[in-house]
Every structure is written in C-alpha cells, then in structure tokens.
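Novice: Residue numbers (our numbering), protein chains in the order written: chain S, 1 to 294; chain F, 295 to 652; chain A, 653 to 1075; chain P, 1076 to 1327.
These aren't lab readings, by the way, just hints derived from the structure by calculation. Where is the CB? At the ideal position from N, CA and C, for every residue including glycine. There could be a bad hint or two in this list.
Claimed, not checked - Pairs of lysine-lysine residues, derived as DSS-like cross-links and limited to a Cα-Cα distance of at most 27 angstroms, are as follows:
1. P:K1146 - P:K1130
2. P:K1146 - P:K1083
3. P:K1093 - P:K1208
4. S:K142 - S:K241
5. P:K1130 - F:K434
6. P:K1146 - P:K1208
7. P:K1153 - F:K434
8. P:K1083 - P:K1130
9. A:K733 - A:K968
10. P:K1208 - F:K434
11. A:K838 - A:K997
12. P:K1145 - F:K434
13. A:K997 - A:K968
14. A:K706 - A:K968
15. P:K1083 - F:K438
16. S:K241 - P:K1146
17. A:K706 - A:K733
18. A:K997 - A:K706
19. P:K1130 - P:K1093
20. P:K1083 - P:K1093
21. P:K1130 - F:K438
22. P:K1145 - P:K1130
23. P:K1145 - P:K1093
24. A:K733 - A:K997
25. P:K1145 - F:K438
26. P:K1130 - S:K241
27. P:K1145 - P:K1083
28. F:K434 - S:K142
29. P:K1153 - P:K1130
30. A:K733 - A:K744
Unchecked claim - Pulled from the structure, derived: some chain F residues nowhere near chain P, Cβ distances all over 10 angstroms:
31. P321
32. Q334
33. I414
34. T422
35. V496
36. Q506
37. E524
38. A611
39. L626
40. L627
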Amino acid sequence: MDLLVGQLFTGLSTGSILLLAALGLSLTFGQMGVINMAHGEFIMAGCYTAYVVQQVVGDAGASLLIALPIGFLVGGVMGLVLEALLIRRLYHRPLDTLLVTFGVGLILQQVARDVFGAPAVNVSVPEALRGGVDLLGVTVPKTRLFIMALAIVAVTAVTLVLRFTPAGRRIRAVVGNRDLAETAGISSRTVDAGTFFIGSGLAGVAGVALTLIGSTSPTTGQSYLVDAFLVVVAGGLGRIKGAVVAAVALGALQAVFETYSTASLAKVGVFIVIVVFLQLRPQGLFTLRTRSLA
Amino acid sequence: MFKFFGTRAGTWTGFAAAALVLFGLAPLVMTGFRLGLLAQFLCYAIVAVGIGLAWGRGGMLTLGQGVFFGMGAYLMAMHLKMADAEFRNGPGAVPDFMELAGIRELPAYWTPFSSAGFTIAAILILPTAFAVLLGLAVFKRRVKGAYFAILSQALAGAFAILLIGQQSLGGFNGLSRFRYFFGYNLDDPVNQQMLYFIVAGVLLVVVAVSLQLRRSRYGELLVAVRDAEERVRFLGYDAANVKVVAYAVAALFASIAGAVFVPIVGIISPASIGIVPSIMFILGVAIGGRASLVGPVVGALAVAWAQTALSEQFPSAWTYAQGLLFILVIALLPGGIASIASVAKRFQTKRTPVEAAA
Amino acid sequence: MPLRLKPKARDLARTFAATAAIAGLVATAACGSRAGEETAATESCVDTSGDTIKVGSLNSLSGTMAISETTVRDAIALAVKEINAAGGVQGKEVEIVAEDGASEPTVFAEKAEKLIREDCVAAVFGGWTSASRKAMLPVFEDNDSLLYYPVQYEGLEASENIFYTGATTNQQIIPALDYLAETGVKSIYLVGSDYVFPRTANAIINAYAEAHGIEVLGEDYVTLGSTEFSTIINQVKSADADAVFNTLNGDSNVAFFREYANVGLTAEDMPVMSVSIAEEEVGGIGVENIEGQLAAWNYYQTVDSPANTTFVEAFKAEYGADRVTSDPMEAAYNSVYLWAATVEKAGSFAVEDVQANADGVSFDSPEGTVVIDGDNHHVTKTARIGEISADGLLYTVWESDGPIEPDPFLEGYDWAADLAVTE
Amino acid sequence: MSVALTCKNIEVDFDGFKAVAGVDLELARGEVHFLIGPNGAGKTTLVDAITGLAKYSGSVVKDGEELRGKKVHHIARKGIGRTFQTATVFENLTVAQNLDIAAGAGRSPWTLLRRRRHLPQIVVDTMERIGLKDQAETPAGVLAHGQKQWLEIGMLLVGDADVLLLDEPIAGMGHDERETTGLLLHDIAADRAVAVVEHDMDFMRAFASRVTVLHAGAVLASGSVDDVSGDARVQEVYLGTATKEAADAATA
C-alpha cells in the first residue's frame, strides 16, 4: 500500500520534472515546428546559473530564489540569440534546424566543460528543502514537492500569459494560423522571437530547479532532452494542455513499468507505448484545427 | 564535365576509377593498420549511402540508423562468438563471455546463429523487416518531418538501453574478442586485407544499387514524395509505401555495414549505436551532400578521418569543430560539398537559386 | 552538350571496370590462414636502439569518461617524469605517446592498434571502463603487446598481455562485505547501474550473503546516467535494510544520494557502502549529502605512509594544490613503476621477457607494497574501508591485515564456486 | 451528358463548426462547373471532403461507387483529380518527369525500379496540349506561375482523371493566360467533368457551363450563369462584395 501511494506520487513527481523540461519546448516546437536540440543545453545553462549564483550569494535558500529569475533571463537571452542568428534563417527547413541546433548544443556542452570543468559541480539544497514530508505513510522529499509546485506555477503563468496578455494573444494567433495573423498586422517575426525567449527562459528555470535533485554537469541537459521531446510529440503541437497530460501520463507510466520490471525495460516500454499511441492519434493528444493542408 | 558522369560510359568510368583506387592504390600505399582503419571508415560510408537515399532523396531524417547498424553488427557478432565457442569446445558450447557472466546454458535464441547461412539471412532480412514494419506503422499514419526524426532518435536511445540490459548479449561491454571469420583467422594480416576487399566491394555494390534506385522511376517518385507528399497522394500513389521502400533499403545498408564492421573493428557495444553515434552518421552525409550519390561517401570518410586525426591533438577543439560543421554546413551549404560546384556557378551567373534545399 | 565517349572509348572503360573487379576478386580469393592453423607471428616494431623508449598513454580525453580518465593520464605522466628524472628505464628516457580513447570502446581498440603498430610503443597504460578493456584485449593479444590497466574491475579475466594494477573483486568487494558483516549487518539492499561491473559484483554479493547468513532485501538497477531514483529510494526505504551496497556509476550517484538524504535516510541508520565513489566524485555530490557514508578502495589521499606523502606532494606540485589524488590514479602511477621495475629485472623491453620476469616484481607504492602475481598478472593490494568526511576526503576506518593476494576467479572461496569457471 | 459525380448532403464538422452544412452537388461530363462563394463559404473544404482529405457525413458517389471513407490515394485512382490553391508541382523534377509520375500510379514495382526508356505517348501528347512541349526538360521549379498551373492540370490529364476539381486555377495569371486556360478547360471537359473553384467573376461568366454558389457552407443557388446572376439572394450576399473584391484586386 505504501509502495502504491509512493508510486502514485513518483508518477506525479517524475511527470512534473518532465513537464518543466518540456514546457518551453512545447512552446517553441509548437510555435514554429522548430526542434531545438540545444534546449537541453539551455536547461544545463540554468543549472550552472544556479551554481554560479550560489557561489556569489552563499546562502542556498536566497540563491535559489535569485537564481530562478536569473535562470529565466539566461535561458531566454540564449534563446533570443539562437533565434536571431540561426533559426530565423532556417524557418522553412525545420529538419535542418534540428541538426544545426544539435551543433549548437555540442558547442555549448564543450563550453561548459572548458569553463566549469568536466566533473559535476555541487549546488547545495537550501536547508528548508532538505528532508521529507510524511504523506499518507510515505516520505516525500521536499525538493520534489517544490518542483511540483514550480511546475504548477510555470504552467499557470504560461497559460495566463497566453490567454490574457496582448502578447500572448498574438502568440496564439500566430500558432493558430501564421498567414492569417500576418494579414491581421501581427509581425510573426517579433512573435517568434518573443516565444523563443519565453520557451528558452522556461528551460533555464527548469535547469535551476533540477539542480535540487540531479547533478550539474556539462551533459546534464542531454538526459532530459529526449524524454522532453517525447512529451511534446505525445501531447500534440502547441498545446500546453497536451504537454501537461502527456508529461504526467509518461511519468506515471515510467513509474509503473519500473516497479514491475527494470528501469531499462521501462524506457523501452514507454517508447513502444508512444509509437502505438501515435497509431491511434497521429497528431498527439490534442490538436489545433487549422485549414492548412497536411 | 560533370554531365559526363551522368552518361552510361561516365558511370562505368566512375566505378572503374573507384575500384582502381580501392582495390589497387589503397593496398599499395597504406600500411596494414591504416588499411584496417580505412575499412572501418568504409563501413560508415555504407551507412551514409543509405542515409543519403532516405534523407537526401526521400526527406526522411533518420536519426536512428544506429539501430539497424547495431542489428547487423550484433547478428554477425553472435555468429562469430558461436563459431569461436564451437571451434574450441565443440557444438553447443557457451561463448566465453557468457561463461564469465555465469551463464551456463546457451540461451535458445542463440542456437541458430551457429549456422553461417542463417546468420547472413538474418542480417539481410531482420533489420529490413523491422524497418518495413516500423515504417508502415509510422508513415501510414502520416507521421513525418520532425515527428519522425524525434521518434527515430528515441528508438535509437531505447534500443541502446535495451541492449545494455541484456547480459546474454554482453550488456554494456558488448561483444568482442572474435577469433575467426567464417573459418579464417582474424589475426592474420592477409585475412585482414581480405576483409578490407570485402567491405570495399560491398561499398561499390551499395553505391550501384543506390544509383539504380535514383535513376529509376522510383527514384523520381521518391523525390516527388519528398517535395510534395500530398500531391503524390492525390495522384493515386500510396506515398507511405514509397517512403517505406527507401527507409528499408537504408536500414538494409546499415545492417550490412554493421555486419562487416564487427570482424574489422573487433567489438560491437551499445556505445556504438545509441543516440549520439546515430546523429554522427548524419554529419558526414550533410557535409558530403545529402542529395548526391557520392557526397555521403566522401563526407563520411572525411568526418571519420578528421575525427581520428584531430581528436588526438585537440580533443576539445574537435568537439567545437564538430558543432561548427553542423551549423555552418547545414545553414550555409545545405547541399554539402557536392553542391559547391553548382553554388559557385550560380554565384557567377547570378541567377536565382533553383534547386531548393532538399 | 554532354560529353560523350566514342564507342571504342566506352568499351575501354567497360574493360577497365571489369579488370578492376576481377583484380578485386582475385585479391579476395587469396586468403590467409584458417582456423586451427598458426598465424605467422607479427614482428614487433619496438625500437630499442636509441636513447628513448616510447610508451603509450591511452585515456578518454573527450566524451563522458573524460572526467575520470584525464586524472589517470596526469598520474601516468607524473610517474614517467619521475622515472626519467631518476635516469629512465635501462638508461633510456621514456617518451609518452598520448592518445584519446574518446569514451568509446571502438576508438580504444583503434588507438591501441595505432600505438602498437604505428608508434611502436613498448607498452600502453590506460583504459578505464571494462568495455574499453574488452575492446583492447584482442588487439594486445593479436599483436602480442602489453597493456597496463589501472582500474578496479569485476575480475574473471586474466590475459597474458594485460597487467591489472587495480583491485579485483577479492581485494575490494569481498573485504567490503567482510567489514559490513563484522559491524553486524544482517540485511542489505543492492543498487547499481545497469552494466557489467554492478551485475557481476552483485552476483558475488548474493553468493557471499547466502554463505554468511546475510539477507539481500532487494536488487535494483538503473540505466547509466539515470537521475530518477524516487521509485528505488521508496523501495529501499520500505525494505529497511541494515545497509545499502551501491555500485552506481558517475552522475547517478548525485541524484541517488540527494534523494537518499531527502527521504530522511542517514549514514547512522542505513549506511551506504559505495565502490565507485572516490575523492573526485564527492565534490559533485555535495559533501552534505554524503558525509559519513562508506567507500571501499585500496587507496585514499589520506593514507598515512611516506610513499603517499611524496606522491601527493609531487602531484599537487605538478598539477595544482586544489587537485586530489584517488585510487585509480594511484594504481596508474604504480603501473608505470611496475613496468619499469620489470623491464629492469628482465634487462629487456621485449614482451616475452617482461612476461617471464613479472612474477614477484614489487613496488613500494603510496598504498603500501604491491607485488605482481606472475600467474594472473594482477597485483597484491591492501583493502581499505573509508568514511567520507566533511572536508570531502575519505579517511580509513578499517584496513585488511596486509596486502591481499589477487584472486580474479575467486578460486580460494568455496561459496563462490558456482560463480564462474576458470578460463 | 452523363453525371460523373454525385454528392449528397455533405457535412463537414470542425469541432462543432460546420464548414460544409449539407451540400448536394452533381458534376456532369461535358460541363465546366464553377463553384463560387465568399471566403469561408466552404468551397475548398467541399473539395477536401470529396478527395478524402476531410472527414464528412453524407455520400459521394462516382459511377455508382460510394467514395466516403476511402483513402486519398484510392479516391484518386478512381479518377478524381484535384489541384491546389497554390500550384503544387514537383519543383526539382522536370516537366516530363512530373507528367511521367502522374501517368504512372498503376505501375508495377518492377517497372518502377527500372529506368524510364522513353516517355509514354500520353505524356508527349499532354505536353503539347498544355503548351509545355518545349519545356519538357525544364525543372518545374523555374516555370512561370501560369505554366505551373497548366502543368498541374496536365498531371491530372495523364493520370486519366475524369473528374477534375480545380482550386483557383487562374490565380495570378495575366489576361492572355486566363483566356488560354479557359479554352483548355473547355477542351478537356469534352469527355470529363470539370469543377472550378474561383473568385474571378469575369472568368466565370466567360467560361462557366454551370455555376453553384455556396454561402456559409450551404448551396445558395445553382444553374446557368444567367440564372445565378439573376438570383436576388446571390446578388445580395455575394456578387456585390465579390465584384468589389475583384476591382480591388485589379487595382492592387
């Protein structure tokens, strides 16, 4: 019984980690159909932001709170630069964008290696987040609760921004129908840049938060990337709702598989489920209706 | 000048020249070690030809060729380990690495691999059949573009993880220490040279098959599907089948490459087939020219050579160089090296670009 | 207007192609020796005529393993520098040819072959993962050359052409279990990365546990590099074992120990015995998450011996005061000295002479005296259990009674009879 | 004149929005049948439904065979061809290659895997018919806008389609090209049914044998050009704005 409750929580917790990593992707991927393979490195940049801030500030609690907005800025600015220098030029070649951003990711990894060294660095967990809370007989680490809360906040914030701000409405208009939005006088160029800023910023935030549970090393981002993409693919293009459901579902799936088999088989199992799922819903969980062909 | 190679005589001349270099010149000027290295690179080139067909002509970015490469390699490795065990300890013997891992009984799925014929058939059929099934599942549902790329990449990741967990396939260490190749000692330099000739011959055959596919009506159809899949569908073709064929042929090439890779390099492990090795296959193809016939071969050889030459002196610089190559070649020269001539020509005549980046 | 060959020229081209194809076939048909026949021995190209002798240093300088293996490279370079300062080997200066294994077994095999056949080195030092060693082994056997491998590993191997200067299982895993049993541990939980070393180690642990009345409450594996531990930690916690035996590798340890501490598990009520965490890794995990936990090695930077003091000082002088020394580095450092001592004893760089004279060669190393066992090419080693302290270093809390003889196939342990067969 | 295609009560539903709400339509051989209507009237969606791209309820019958639920390429094999608003041809292939592919939907795998020795006669004839004989070896990507549209129509002809659904075939054409296209349409309609989705009223008046006006997903009126032009409701909801639109387009 304890184990079951534990697994339930694990699913939610793994799901929220996936969601944090995938939220920004679902924006950028959904927006332009652009696959940003450097997204993992933006997460990694967030991790190192947390590390640097902690070196400067000292106090783990304060530095975490400071690092979250700074991580957003660091990720966001990196995204802006990438969009302006490369992605914008490759707008009609989404597959090429994938390869180009993979190259960017390689370089960023090596930069991290040369600047911070190859071994993992330690980001201390704030005193307040150490230890666990007993919930229904299982001990739940506070760090995971924090990440779940952060995921909820991030999703809510993104939803609110998209729904209620003029900028958000423009983004939704461009995602819905790029050409129509253009004719309505919306500069899709500015909107692209803006979306990329927010999406990459979210990667930075995810990176800061993930230092609480994982390691901070040059290859940190890689470990989250493929899973994050699977979340976006399963969730459907440009749908925050889809990403949320898919992340939690994959998280739960992984936890269940892991309990009844091994962690390795769990990965394979999740992949098979996704291929089968795409047989039933080729466009993912939720799709946007557009009048465009194909 | 370039048009010459499009003619029938030109084709023959091209092949003759390639054969002369591979079979005549290379063994003359290279040491045994360098020739072995070249044999290894030629394996990558074989994979590259397949990717050129699927990606360059068919528009399918196959980020998971490591899967098929690995299948061919593991199938061959299983046979070599079986043959080795049987030679030393008689029929039904357990390969050495299993003994060490505490596996006393030969797993049932290993048994048929004591037959050379079965192994070769498996290398040709299994990966191809898997590619057909997967291709049908994916393309029939019109999963394409970025979605397909991500799925194929996830597949490579999952496959590598699956293999790491299989102790009866050597787990993380993979399979190594092969002594005989269909009865021939692998430590004999003469036999090593023979392996080189085999892989060089396979490469020529693979290029010829690819050439025939490109020049056939199917080749034109494949390009049509790449450029306007819906249009093809509305002309009454099942576009998914067209793609499946190219995908399966690419898988077959990769599998064959994996199978010859094993006796040449002497080891196959999950490290050679995961996500990163799979994407590295793409790099060579992109640099050489994805849509051209010979471009992927040249690109794959160049990248492999550069990696060997550069990573010794500047391991960190090589990573930067790899990243930069991805960015510069794909962003600025999407046609790869093969397109330099036409780009230059276009530049001179200042005509508007015609051939869009495929 | 496309250039067209005249019919005659076309025929010529065709003949050309056919000839080349036939030439290829002929070359292919000219095959060498078949299974069972002797292959002509490859001649060694090592040049011993000059004032210098070349050795190879083959470590991953790029890729995921670069973190660990660059430290080994530094230790090898330090030993070579010291030996040269003391007059070299057989009066010759030792020259290092460095190669990058790029964290890939195939690259290790390729570079090993290059070192032997192109650079003509007398011996190669390096390798880390078992996969890299397995990949290099046939290369060294086929070319009859020597590899000195400096990392603790899963045992069950003994090649004529490899010297193993790290611990085999009876010098690390078994002493760790002895220690746990001595301190009253009655039940353990096994956690490891999913690859060969943890699986072999856990097979040994299971056999040991059965023979010594220890209960194994669970055995879990995660994929290499995984950072998702909540399921496993949940299971560990509810199993409530006396101790955890950890064979996780690399970054996974970071996530594991953080989660471990966060669910309220401590070194006091459920100590973790790790076999892959050395001084280098403690920093990344964060001392606060791992303080008080145990590790099993043969060497720590804090080992109190004159030889170690010299080694640590020399290393810090060479590479910086902030650097730490660890077990694999020490074993790599030893390996160079052991090779030099064997060559001096044999009076020759030739492989067969080194093999013939290796037995009994000893070196007064930082961990204590190590002696080569001529039968299995391993070395005697002292086992040490260390506790991780607040300063990030490990301090010995238990030590075996003198050096332990290497026993890679565990032939001296009755309970291990079923584990493996001798090669 | 025989009826080639019969659509009954077609409804296309996009998440509750009825893009096509119960349309009946008959296309007859020998006629150039214009479908007109303001933006969002459901013209293109109707074509999407018939060709199997959009899901619908109702029935589409060609020569006695129900087409609903069949896959896109099966419907195409039944002789229903369509073009797109922006001419979709294979830009990296030559005109001859484009047409050869279009002519070959029924080829055996064996034929496909061999090289093309010579062009099928129908391809040669069609190149003549659409006026691209001299451009046989030209990559389709460099053709003029109008030529691409002719090529696309030609691709349907060689594919032996006898129901042609053309989406704005004269968009972006000059006056002479429109004239040629109109004549071409009548020429090919001799033994086929041709449906044209169009905005251009002058073109419609000049070449339509029959006109169906769609509005808000439903048929507003159907008949000859004169019948429809005289219909008060059509004038009210559509023609007025359309002529204004056309005028705007002309001055732009």
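Novice: Next step is simple, just say for each hint if it's right about the structure.
Specialist: Structure-based check of all given hints:
{"no.": "1", "hint": "P:K1146 - P:K1130", "verdict": "holds, 11 angstroms"}
{"no.": "2", "hint": "P:K1146 - P:K1083", "verdict": "holds, 19 angstroms"}
{"no.": "3", "hint": "P:K1093 - P:K1208", "verdict": "violated, 44 angstroms"}
{"no.": "4", "hint": "S:K142 - S:K241", "verdict": "holds, 26 angstroms"}
{"no.": "5", "hint": "P:K1130 - F:K434", "verdict": "holds, 17 angstroms"}
{"no.": "6", "hint": "P:K1146 - P:K1208", "verdict": "violated, 33 angstroms"}
{"no.": "7", "hint": "P:K1153 - F:K434", "verdict": "holds, 20 angstroms"}
{"no.": "8", "hint": "P:K1083 - P:K1130", "verdict": "holds, 14 angstroms"}
{"no.": "9", "hint": "A:K733 - A:K968", "verdict": "holds, 14 angstroms"}
{"no.": "10", "hint": "P:K1208 - F:K434", "verdict": "violated, 36 angstroms"}
{"no.": "11", "hint": "A:K838 - A:K997", "verdict": "violated, 48 angstroms"}
{"no.": "12", "hint": "P:K1145 - F:K434", "verdict": "holds, 14 angstroms"}
{"no.": "13", "hint": "A:K997 - A:K968", "verdict": "violated, 31 angstroms"}
{"no.": "14", "hint": "A:K706 - A:K968", "verdict": "holds, 26 angstroms"}
{"no.": "15", "hint": "P:K1083 - F:K438", "verdict": "violated, 34 angstroms"}
{"no.": "16", "hint": "S:K241 - P:K1146", "verdict": "violated, 31 angstroms"}
{"no.": "17", "hint": "A:K706 - A:K733", "verdict": "holds, 13 angstroms"}
{"no.": "18", "hint": "A:K997 - A:K706", "verdict": "holds, 19 angstroms"}
{"no.": "19", "hint": "P:K1130 - P:K1093", "verdict": "holds, 12 angstroms"}
{"no.": "20", "hint": "P:K1083 - P:K1093", "verdict": "holds, 16 angstroms"}
{"no.": "21", "hint": "P:K1130 - F:K438", "verdict": "holds, 21 angstroms"}
{"no.": "22", "hint": "P:K1145 - P:K1130", "verdict": "holds, 10 angstroms"}
{"no.": "23", "hint": "P:K1145 - P:K1093", "verdict": "holds, 22 angstroms"}
{"no.": "24", "hint": "A:K733 - A:K997", "verdict": "holds, 20 angstroms"}
{"no.": "25", "hint": "P:K1145 - F:K438", "verdict": "holds, 21 angstroms"}
{"no.": "26", "hint": "P:K1130 - S:K241", "verdict": "holds, 25 angstroms"}
{"no.": "27", "hint": "P:K1145 - P:K1083", "verdict": "holds, 16 angstroms"}
{"no.": "28", "hint": "F:K434 - S:K142", "verdict": "violated, 46 angstroms"}
{"no.": "29", "hint": "P:K1153 - P:K1130", "verdict": "holds, 18 angstroms"}
{"no.": "30", "hint": "A:K733 - A:K744", "verdict": "holds, 13 angstroms"}
{"no.": "31", "hint": "P321", "verdict": "holds, 34 angstroms"}
{"no.": "32", "hint": "Q334", "verdict": "holds, 32 angstroms"}
{"no.": "33", "hint": "I414", "verdict": "holds, 23 angstroms"}
{"no.": "34", "hint": "T422", "verdict": "holds, 15 angstroms"}
{"no.": "35", "hint": "V496", "verdict": "holds, 20 angstroms"}
{"no.": "36", "hint": "Q506", "verdict": "violated, 7 angstroms"}
{"no.": "37", "hint": "E524", "verdict": "violated, 7 angstroms"}
{"no.": "38", "hint": "A611", "verdict": "holds, 37 angstroms"}
{"no.": "39", "hint": "L626", "verdict": "holds, 20 angstroms"}
{"no.": "40", "hint": "L627", "verdict": "holds, 17 angstroms"}
Going down the numbered hints, you'll see the structure goes against 3, 6, 10, 11, 13, 15, 16, 28, 36, 37, while the others check out.
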